[in-house]
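A.B. asks: The lines below spell out each chain.
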Amino acid sequence: MAEAKIQVKNKVGLHARPAALFVQTAAKFASMIKVKNLTSNGNFVDAKSIIMVLTLGVMKDHEVLIQTDGADADSALEALKSLIEGNFGES
Amino acid sequence: MSEKNFRGIPASDGIAIGSTFCYIPTELTIPVCASGSVDEEMARVAEAREHARVELQGLYDAVEKKVGKEEASIFEAHQEMLNDPALEGKIREFVEIGQTAEQALFMATEELANLLAGMEDELFAARAQDVKDVGRRVLRNLLGFPDTALSAVTEPSIIIAEDLTPSDTASLDPKLTLGFITAQGGLTSHSAILARTLGLPAIVGMGDGLLEKVSSGTFIVMDGHTGEMLLEPDDETVAYYKQIKAQRGSRLQILKAAAEKDALTANGRRVEVAANVGEASSARDAMEHGAEGIGLLRTEFLYLEDTQPPSEEKQYRIYREIFDVMGTRPVIVRTLDIGGDKPPSYMPFPDEMNPFLGWRAIRISLDEPELFKTQLRAILRAAIGHQARIMFPMVSDLDELRRAREIVETVKRDLALDSVEFAANVPVGIMVETPAAAVLVDVLAEASDFFSLGTNDLTQYTMAVDRGNAKVSGLFQPLHPAVLRLIRQTIDAGHAKGKWVGMCGELAGMTKAIPILLGFGLDEFSMNPRAIPEAKNLIGKLTDDRAREIAGQAMSFGTTAEIETYMKGVLASL
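Note that the protein sequences, when read in sequence, are chains B and V.
Residue numbering for the first sequence follows my numbering, beginning at 10 and increasing consecutively.
Residue numbering for the second sequence follows my numbering, beginning at 778 and increasing consecutively.
Don't read these hints as lab results, they were simulated from the structure.
There could be a bad hint or two in this list.
So, partial list: chain V residues that the calculated Cβ filter (under 7 Å) puts toward chain B [stated by the list, open to error]:
#1 Leu859
#2 Asp861
#3 Ala863
#4 Phe901
Fair warning: this is a prediction, and the values are worked out from it, not measured in the lab.
Note that beta-carbon positions come from the ideal geometry of N, C-alpha and C, so glycine has one too.
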């Protein structure tokens, strides 16, 4: 199992296009991937579910915790981390 | 007569004249019957989902071609929700306890949509409608109904509906749709945004009972600029609106061009034209109409919408959202401006003979420093990297202003002690809306970084008239010589002390007042967003010399009626 704390810095947070990209990226991996919003202190949800990711209400400057578990856990975590750290390709 | 005219929220400009088509979505009743095996029911869901996927792909392609990629992206999002593993899991849970595919689908989408609907942030909460829209689409396929009843529209019509989902709006044929009016919805609903992109007149938020007032085939006039809907108008009214429609068509081009540029007088002096904004969503509306800033951000909505005062975090988030929309354009935040006429539920208010002369605005803030400090903390924190300003309402005395400023300084010290980041150089000013403040501008300038004239209250207090009282409301005259003198005096006294003077009252957006105010040397005009293009266009036609001449002439009259007649002539000559 691998995990990472990351601060979301893009403008809209995990909403609209960034939320979709996040879920699509998670769905590429076989591992179980869970994510929670540390700033609002909620529960873990399935990172492959767009609806549940939206319910986290992650906004700009919020911190999220991602946990991955499975054969490709490390590469899954790396992919999601670089997506968020790269601000989802937003300029 | 009056029951034939209704008003909603103007969502997309334009006039439409024609017959209505009342859109009532197919009633999807969930049959009560025995369910098959888990595998059988799940297979039915999978099949319906596949049909839904094909429909959504079709909508995506059609909207992408008709409007654009960005507007189509909502159907991409719907496809993702369709494939959502959490939704699938929920449906399976319900099927496993013996529900039919229809029941399971319905309950699963409701449950997930409700999770979203309960969220504090309106952008997130609005996604509940998308989940429901997707659920309805799959359910309709499960029941074997064809796509949307809107295909029954066969001649150009104005669509009347309770609400329009993104799917509904996308399936409207622009050739057959003159405009639409909905009972629900707001400015930021997908249907309103799409209407603006397509250039379709639209009115939203007409209120419950819309479909009882209007039936299919009713002849109506709708004005998406004012939000008016007129049922069965007479020939004269129709002729009037046809004329306006023709005029606006050509004016619209001119105004659009004016809105996109910074406001300049004919001799090239820069004047700020800004917007008055009362909620987060209208900041975007203001930008669309060419606002160069927000001259008045009302914060009352935060205090009146809930059963408890808004938390610092909630306020921070909302101010931040608005500041982000405006980027580095200035935003003047007016601190709490409530009173006994509209008290929040959580605050005990004394019984007052006259709430407008009572405990309100800055008077409350000074008496309730904790409430005030929470708001100031949120503003100062959210202001980092933006051009925010703080403005106190209803100041009538220098001591009041000094005390309020002292609280701002205390808040800054507290924030620094807590090691919380904040913007240290936020200008602090006052709203000039009591005659006392207007005649004391030179004195108040000691503690005020800027002034903004609030002409609605200034008129009410100067003329000693309650505009809600029909017996005397005729005396509510913002162009009254007495009010104009106070305005001129405020601007002159402010400038003499080197201070910026703006205006955020209704007068700032009135074409009959703008030339006079320009002649007075007003620095900023802040108004309803929709008035901005017209105001910029007018300012561009006037030189400062001409405006001064007009102002001088207007001030030579002794009555409002004379001033108005004179200004009518001036406007007609431009």
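A.B. asks: Determine for every hint whether it applies to the structure shown.
C.D. replies: Structure-based check of each hint:
1. Leu859: violated, 10 Å
2. Asp861: holds, 5 Å
3. Ala863: holds, 4 Å
4. Phe901: Status holds, d = 5 Å.
Going through the hint list in order, the structure does not satisfy hint 1, though it satisfies all others.
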